[in-house]
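Peer 1: Sequence:
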Amino acid sequence: MKHLIIISITAILLFSCSKNEPLGWKYPDMSQVPKTPAGDMIKYGKELISHTNVHIGPYAENPARRFAGNNLDCSNCHIDAGTRPNTLGFVGTYLLYPAYSGRVDTIISIRQRINECMVRSMNGRPLPFESYEMNCLVAYYQWISIDVIPQVGEKYDALKKLKFMDRAADPNLGRAVYNRKCNTCHAENGAGAYLSGEMEKGFDIPSVWGIDSYNIGAGMYRLITAAEFVKQKMPYYNANLTDEESWDVAAYLVSKPHPFMAGLEKDFPDLNEKPIDCPYPPYADSLSVDRHKYGPFTGLKGKVGK
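Residues 1 to 306 (my numbering) make up the sequence shown, in order.
Hints listed in this document are in silico derivations from the structure and should not be mistaken for laboratory results. We put the beta carbon where it would ideally sit given N, CA and C, even for glycine. Where hints are given, some of them may not hold.
[Stated by the list, open to error] Straight-line alpha carbon distances no greater than 30 Å define the calculated DSS-like cross-link-like pairs of lysine-lysine that follow: (1) K161 x K293; (2) K201 x K163; (3) K35 x K160; (4) K256 x K233; (5) K160 x K26; (6) K161 x K303; (7) K201 x K303; (8) K35 x K163; (9) K160 x K301; (10) K303 x K266; (11) K233 x K160; (12) K161 x K201; (13) K233 x K293; (14) K266 x K181; (15) K256 x K35.
[As the list claims (entries may be wrong)] Okay, the calculated beta carbon distance ranges per label pair: (16) V304 x I149: 21 to 31 Å; (17) F260 x A99: 26 to 36 Å; (18) Y59 x F260: 20 to 30 Å; (19) E265 x K35: 43 to 53 Å; (20) Q32 x E61: 23 to 33 Å; (21) S109 x D29: 22 to 32 Å; (22) E265 x Q32: 39 to 49 Å; (23) K26 x K201: 24 to 34 Å; (24) S50 x A187: 18 to 28 Å.
Could you build all of it, start to finish, from the sequences and the hints given here?
Peer 2: Quick look at the structure:
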């Protein structure tokens with residue numbers, strides 16, 4: 001049955017898009033997803049990303065499906081269910097795997113990559129590889145990658161790069177930026193805002209630190225990723241921070257408490273593959289945690305980028 005569903009999804013993809021789609025690629029029309037088991041998987045995959053908390057969060061109706069450890073939705077970072085350009089999008093992601101991961105120094109599948117997000121960004125536990133939820137997420141990634149060519153996939157996936165500063169990013173300066181530009185939505189204590197003020201209903205505005213946020217092993221806890229995301233999309237309705245403001249407010253966010261994750265010393269067995277802004281040791285050089293966490297990044301050993 002599983003193989004029949006996979007074949008059906010492939011048939012849907014082939015039917016839905018021209019093989020000669022130009023650079024002006026457009027997100028597939030979800031209204032065209034057929035009312036079949038394969039189509040239902042695609043739609044539920046999007047639903048899982050958009051409303052993660054409802055379906056697999058700490059207050060999900062079925063306790064056995066409570067895989068996420070916080071009340072965030074995947075779409076809090078992967079905006080518009082991973083289809084908005086330059087915001088950690090999922091368009092083309094399906095085509096990139098299997099791929100090498102420096103974090104474990106081996107080739108991983110897209111399912112393994114999804115579970116990295118589950119245990120780090122969602123501060124939870126892995127989805128079983130052949131669970132309905134996992135298969136639906138993979139089906140959705142496949143759907144939104146219809147006929148993607150490399151230039152389009154890179155446009156949707158990548159955050160725009162920020163030039164490194166000559167100084168360390170400063171959490172104290174970042175606090176002032178946060179108070180001016182961020183706390184109206186995300187709250188002075190970084191806790192965001194719950195729908196109707198009730199945690200079990202999930203976030204209206206996501207937390208950016210604290211017990212109901214991503215843990216210290218998450219990519220968003222790294223300064224470069226956080227600064228580039230902030231620069232690209234924050235404040236949400238009017239992204240207008242300068243480069244320096246983005247660096248400093250990101251430093252403020254990563255200076256605040258986040259849930260702990262054990263075993264991080266095992267990440268990146270080849271330390272030359274470790275991102276230079278990784279906020280936990282060991283490193284390929286003898287420089288301090290603060291230097292790696294806040295910069296300046298010149299002269300550090302490790303990897304720049306993903």
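Peer 1: Could you grab the alpha-carbon distance between K266 and K181 and see if it respects the 30 Å cut-off?
Peer 2: violated (37 Å)
Peer 1: Given the hint of 39 to 49 Å, check if E265 and Q32 actually sit that far apart at their C-beta atoms.
Peer 2: holds (48 Å)
Peer 1: Is 22 to 32 Å a correct range for the gap between the Cβ atoms of S109 and D29?
Peer 2: holds (28 Å)
Peer 1: Holds or violated: K35 with K160, Cα cutoff 30 Å?
Peer 2: Not satisfied, since the Cα-Cα distance of roughly 38 Å exceeds 30 Å.
Peer 1: With the threshold set at 30 Å, check whether the alpha-carbon distance from K256 to K233 stays at or below it.
Peer 2: holds (21 Å)
Peer 1: Straight-line Cα separation of K201 and K163 no greater than 30 Å?
Peer 2: The hint is violated at about 39 Å.
Peer 1: For a C-alpha distance cap of 30 Å, please report whether K35 and K163 respect it.
Peer 2: This hinted pair is violated, its Cα atoms lying about 47 Å apart.
Peer 1: With 24 to 34 Å as the target window, see if K26 and K201 comply at their CB atoms.
Peer 2: holds (33 Å)
Peer 1: For a C-alpha distance cap of 30 Å, please report whether K303 and K266 respect it.
Peer 2: Holds - the C-alpha atoms of K266 and K303 are around 17 Å apart, at most 30 Å.
Peer 1: How does the Cβ-Cβ distance of S50 and A187 compare with 18 to 28 Å: does it lie in that range?
Peer 2: Roughly 23 Å apart at Cβ, these two residues keep to the hinted range, so it holds.
Peer 1: Would the pair K256 and K35 pass a check requiring their Cα atoms to be no farther apart than 30 Å?
Peer 2: Judged against 30 Å, a Cα distance of about 46 Å means the pair is violated.
Peer 1: Verify the CB-CB distance for Q32 and E61 against the hinted window 23 to 33 Å.
Peer 2: holds (30 Å)
Consistency note: the structure conflicts with the earlier hints numbered 2, 3, 7, 8, 12, 14 and 15.
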